[in-house]
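Take any residue in the sequence shown, note its place counting from 1, add 38, and you have its number in my numbering.
Honestly, the hints are just simulated from the structure, not real lab data. A couple of the hints might just be wrong.
[Stated by the list, open to error] In silico DSSO-like links for lysine-lysine, alpha-carbon gap of 30 Å or less:
1. LYS369 <-> LYS209
2. LYS238 <-> LYS309
3. LYS166 <-> LYS337
4. LYS337 <-> LYS241
All values reported here derive from a predicted model rather than from experimental measurement.
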Amino acid sequence: MGHHEHERLVVHHTSFSRRFFDFSSSSFISPRFIGLCLLVFIYYITYGYLQELMFTLDGFDNTAWFLTCYQFLVYATLSFIHLGISGLEQRRASYASYILLASLTVITMGLSNYAIAYLNYPTQVMFKCCKLIPVLIGGIIIQRKSFNRYDVAAAFCMSIGLIFFTLADSKVQPNFNLYGVVIICSALIADAAIGNYQEKIMKEYHVPNVEIVFYSFIFGFGFVLFGLLITNNFFSSLHFWNMHPLPTYGYGLIFSIFGYLGIDIVLTLIKEYGALICVTVTTCRKAITIILSFTLFSKPFVFDYVWSGLIVILGIYLNVYSRHQTAFNTKIASFISRCYNYRWWPNILTPTANKVLPV
Numbered sequence: 039m040g041h042h043e044h045e046r047l048v049v050h051h052t053s054f055s056r057r058f059f060d061f062s063s064s065s066f067i068s069p070r071f072i073g074l075c076l077l078v079f080i081y082y083i084t085y086g087y088l089q090e091l092m093f094t095l096d097g098f099d100n101t102a103w104f105l106t107c108y109q110f111l112v113y114a115t116l117s118f119i120h121l122g123i124s125g126l127e128q129r130r131a132s133y134a135s136y137i138l139l140a141s142l143t144v145i146t147m148g149l150s151n152y153a154i155a156y157l158n159y160p161t162q163v164m165f166k167c168c169k170l171i172p173v174l175i176g177g178i179i180i181q182r183k184s185f186n187r188y189d190v191a192a193a194f195c196m197s198i199g200l201i202f203f204t205l206a207d208s209k210v211q212p213n214f215n216l217y218g219v220v221i222i223c224s225a226l227i228a229d230a231a232i233g234n235y236q237e238k239i240m241k242e243y244h245v246p247n248v249e250i251v252f253y254s255f256i257f258g259f260g261f262v263l264f265g266l267l268i269t270n271n272f273f274s275s276l277h278f279w280n281m282h283p284l285p286t287y288g289y290g291l292i293f294s295i296f297g298y299l300g301i302d303i304v305l306t307l308i309k310e311y312g313a314l315i316c317v318t319v320t321t322c323r324k325a326i327t328i329i330l331s332f333t334l335f336s337k338p339f340v341f342d343y344v345w346s347g348l349i350v351i352l353g354i355y356l357n358v359y360s361r362h363q364t365a366f367n368t369k370i371a372s373f374i375s376r377c378y379n380y381r382w383w384p385n386i387l388t389p390t391a392n393k394v395l396p397v
């Protein structure tokens, strides 16, 4: 081998290595990205674990709405502090808009907490992964949106996956309750309306996220508190929590703080690395949450859970691809070019400048 040929191969190998193992700040595999991913996993896995753990306490399921009230109070307090730090004083949207948004937030979060008393926790997580189905329907009804074939295919995959996951659950869970499915579906419908209505408010009034969060939860706290008082559940729940302060107030506080911080980290991940990467991270987090739920809380397991869950994940990525086809193709092309160093790859799939992806 000649000297020039050897030098050319060394330069070629070095160039490939630099491109493939790029750990600069713009790379996904950067210390900041790893740190954000770790925080997503820590916050939400702890959030899910504590949520399920609290409901293992005998009698706690009767205080599910009190937990929601407590959670709303913590969220409102943290978002108020966040508002002060951000220096935002002037309210941009109307009170009527926030009252409607708070009502929907109460329904989705309250019913999600309440459903745990009737549903296997992994089943609840799978249902929450499939928010696209009511979002698609809500987008058509509320905002007159049109959806392409990938969205329809994604909704179909999610529906099929959910059906088989629920059927598997009904086979192995002796206390399976269809009422829990109705509750979580109602929560998802409200969640879909929240997403569409939030988008409408943000476009119309240019409202920052922290303002929406604060008013949604401060009004929501008032609604839940009023509901607990008129149904005579407030003082009975308060008495139960006072009897078990650590697994109620203690776990509930950590559960609420981590849930709020998780929202902020996910928004940061979307802003800096795009929706595609964020969905990948959160999907992995949900998978680990489900695995830990089966492991730590001794649930019966069948293989039907695996393949039905994979169908749901396929639906999630079809939905992401539908919204970000160019970015998706760019990342695929970039990955292939790094692996194989294809110089003839079509220009249409050549990586372009990084852009902030819309959410």
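Given the hinted pair LYS238 and LYS309, is their Cα-Cα distance within 30 Å? holds (19 Å)
Can you confirm whether the C-alpha distance between LYS166 and LYS337 stays at or below 30 Å? With a Cα-Cα distance of about 20 Å, the restraint between LYS166 and LYS337 holds, given a limit of 30 Å.
Can the restraint linking LYS369 and LYS209 be considered satisfied, given a maximum Cα separation of 30 Å? Roughly 41 Å between the alpha carbons, so the hint for LYS369 and LYS209 is violated.
Given the proposed pairing of LYS337 with LYS241, does the C-alpha separation stay at or below 30 Å? This hinted pair is violated, its Cα atoms lying about 44 Å apart.
Figure legend: structure checked against the earlier numbered hints; hints not met, in rising order: 1, 4.
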